[in-house]
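Enquirer: Each chain is listed here by its residues.
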Amino acid sequence: MVTGAGVIPLESPAYARRRARRDDPTHAALWNCLDGVTDPEVPVLSLWEIGVLQDVRLQGPTVVVVLTPTYSGCPAFEAMQQDIRAALRDAGHACIRIDVQLAPAWTTDWLSGVARQALRAYGVAPPVLSAAAVQCPQCGSTDTHVVSEFGATACKALYRCGECAEPFDYFKSI
Amino acid sequence: MDDPRRDDVISFSIALADDALILGQRIAEWVSCAPSLEEELALANVALDHIGRARLLYAHACTLAGDGRSEDAIAFLRDGRAYTNLLINELPRGDFAFTMVRQFLVDAFNARYFVALAAGAEAGLAAVAAKAVKECAYHVRRSRDWMLRLGDGTQESHGRTQRAADALWGYTAELFEPAACETRLISAGLVPDRAAFADAWRADVQQTFAQATLVTPKTTWRITGGRDGLHSEHLAPLLAQMQFLQRAYPGAQW
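So the sequences go chain by chain: A and B.
Just so it is clear: in the first sequence, position 62 is 61 by numbering that gives the first Met the number 0, and no numbers are missing.
Just so it is clear: in the second sequence, position 13 is 12 by numbering that gives the first Met the number 0, and no numbers are missing.
Keep in mind that the hints were calculated from the coordinates and are not lab data.
There could be a bad hint or two in this list.
Where chain A lies over chain B, by a calculated footprint (3+ residues, C-beta under 8 angstroms) [what the hints assert, rightly or not]: (1) 47 to 61; (2) 65 to 77.
Restraint ranges, calculated between C-beta atoms of paired labels, are given here [to be verified]: (3) Thr25(A) <-> Ser231(B): 54 to 62 angstroms; (4) Leu229(B) <-> Ala28(A): 53 to 61 angstroms; (5) Gly112(A) <-> Thr223(B): 47 to 55 angstroms; (6) Ala118(B) <-> Glu77(A): 24 to 32 angstroms; (7) Ala15(A) <-> Asp6(B): 40 to 48 angstroms; (8) Ser231(B) <-> Asp34(A): 33 to 41 angstroms; (9) His233(B) <-> Ala151(A): 25 to 33 angstroms; (10) Arg5(B) <-> Asp98(A): 15 to 23 angstroms.
Note that the Cβ used here is the ideal one computed from N, Cα and C, for glycine as well.
In isolation and in its complexed conformation, chain A is listed as follows (with noise of 0.2 angstroms):
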């Protein structure tokens, strides 16, 4: 198991802008509200390690929540906004909306370094730029082979390690 021990932690421009906006302590509530739902395909990360969620916020009495969609047919999209919807109105908010936003488009530079650590632990190779790189979860060896472009899920690709034998999802690069 690869711990990311002697990983430097890097953070993308674009992560580093949704960062801004995460920090700013208008809204905390609704944002540790929304930290309890995760991505119902990847439970191991929250909709905002994801990238799906852009930002929460009051409007009078309507909480407004900004999302952007992974993939155009993602299907888990459609449970992501009833999860969002439940969490939301367990902690008492009574008026939702959900604004979907497209552009920019979603990309993997959203993810964080800890949702980077947090797919591996779960056996999911995450995100990286190059096809070369691809890193085992399981043993950590880069002598790594794509099966099929398409996995499990439209954000995952199938791999095979050369070194340790055992297939694995890949999360794709875009």
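Guided by the hints, dock chain B onto chain A, whose structure is given.
Expert: For chain B alone, coordinates are given in the frame of chain A:
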């Protein structure tokens, strides 16, 4: 949007959405009968990308129209004559070679076209296109890879792939013909001119075909009409299957 181009943007969004929905439906027909598990996953994923793209485009049309019509109503409650997809998308899936040659011919076009649409001045279409660009890059990489494997494969796979290319070639002219609404949007500088991609597309295709030991068809016949709602005999059965549930149980929801 209160300018005279609004209706054209609505019509063109629906045309692009019809392309994506009909092709997505065709690809999805492979689910449960693809040649291998990995291929089944890949085809299902590509189908989802197309159907998702269709939803975004229908939604954009609905927002602009503001007449209360939903994306579901546009997809499920129109008859064949109202569909404006390009004919190549509606052809039956055929064998695996036919499916992959069609994907390659369409993907090679989309990979260039959506980049230009994403940089276009119509903000709604540009946003959908920007998402599609990344997906198209994946799609064409895979379908191109299959051209090489099938074309330069066995005698059987080569023969089937060449036959598919020959059968499909006459349908590719339509990829480069703007619809009437689209022509006005091109003149207004809102969307790119699809005719401008013909040479680059042909060069891409010829290069891959040559590498795959396939002969670029010399076909001179061409068939068009999809954008005017004039379809092949294959669209109606597809719609009958796709729309059955909403027609039989109006308003049904998950």
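Enquirer: Run every hint past the structure and note whether it holds.
Expert: Consistency of the hints with the structure:
no.	hint	verdict
1	47 to 61	holds (count 8)
2	65 to 77	violated (count 0)
3	Thr25(A) <-> Ser231(B): 54 to 62 angstroms	holds, 57 angstroms
4	Leu229(B) <-> Ala28(A): 53 to 61 angstroms	holds, 58 angstroms
5	Gly112(A) <-> Thr223(B): 47 to 55 angstroms	holds, 52 angstroms
6	Ala118(B) <-> Glu77(A): 24 to 32 angstroms	holds, 30 angstroms
7	Ala15(A) <-> Asp6(B): 40 to 48 angstroms	holds, 42 angstroms
8	Ser231(B) <-> Asp34(A): 33 to 41 angstroms	violated, 52 angstroms
9	His233(B) <-> Ala151(A): 25 to 33 angstroms	holds, 31 angstroms
10	Arg5(B) <-> Asp98(A): 15 to 23 angstroms	holds, 22 angstroms
Consistency with the previously given hints fails for numbers 2, 8, ordered from lowest to highest.
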